[in-house]
Amino acid sequence: MYAVARVTEEDCTAEKGCRLCIVVCPEPDTIDYDPIKKVAVVNEERCKGCILCIAGCSVQKCIVMVDM
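Residue numbers for the sequence shown follow my numbering, so the first one is 2 and each next one is one higher.
To be clear, the hints were calculated from the coordinates, so they are not data collected in a lab. Don't take each hint at face value.
In silico SDA-like links for lysine to any residue, alpha-carbon gap of 25 Å or less [what the hints assert, rightly or not]: (1) Lys62 / Asp30; (2) Lys38 / Ile23; (3) Lys39 / Arg20; (4) Lys62 / Glu28; (5) Lys17 / Lys62; (6) Lys62 / Cys51; (7) Lys62 / Val42; (8) Lys62 / Ile23; (9) Lys17 / Asp30; (10) Lys49 / Glu11.
Using the sequences and the hints, build the whole thing.
See below:
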């Protein structure tokens, strides 16, 4: 079992310009901005569970780790 990041969409402020989780993620193409949903989204198949995105989202606290 392992954990991956998941964005709580109702709390995400990526639409307002916050993209820190995307910037700090060391794995390319793992977190991206969804222009339709207007939130950051995690490609759970690529997520390594490093939790750097949680540190990047320390103000909004909209990323949680979920067991897979």
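Does Lys62 sit within 25 Å of Lys17, going by the straight-line distance between their CA atoms? 15 Å, holds
Tell me if the straight-line CA distance from Lys38 to Ile23 falls inside 25 Å. Holds, at about 16 Å.
Given pair status - Asp30, Lys17, alpha carbons within 25 Å: 21 Å, holds
What's the verdict on Lys39 and Arg20, does the C-alpha distance respect the 25 Å limit or exceed it? At roughly 11 Å apart (the allowed maximum being 25 Å), Arg20 and Lys39 satisfy the hint.
Does the structure keep Lys49 and Glu11 at a Cα separation of 25 Å or less? Between Lys49 and Glu11 the Cα gap is close to 24 Å, so the pair holds against 25 Å.
Lys62 paired with Cys51 [C-alpha distance capped at 25 Å]: 16 Å, holds
What's the verdict on Lys62 and Ile23, does the C-alpha distance respect the 25 Å limit or exceed it? 14 Å, holds
Run the distance test for Lys62 versus Glu28: straight-line Cα separation, threshold 25 Å. Given pair Lys62, Glu28 holds - Cα atoms ~20 Å apart, limit 25 Å.
Can you confirm whether the C-alpha distance between Lys62 and Val42 stays at or below 25 Å? 14 Å, holds
Restraint status (C-alpha distance of Lys62 to Asp30 at most 25 Å): 21 Å, holds
The structure meets every hint from the earlier list without exception.
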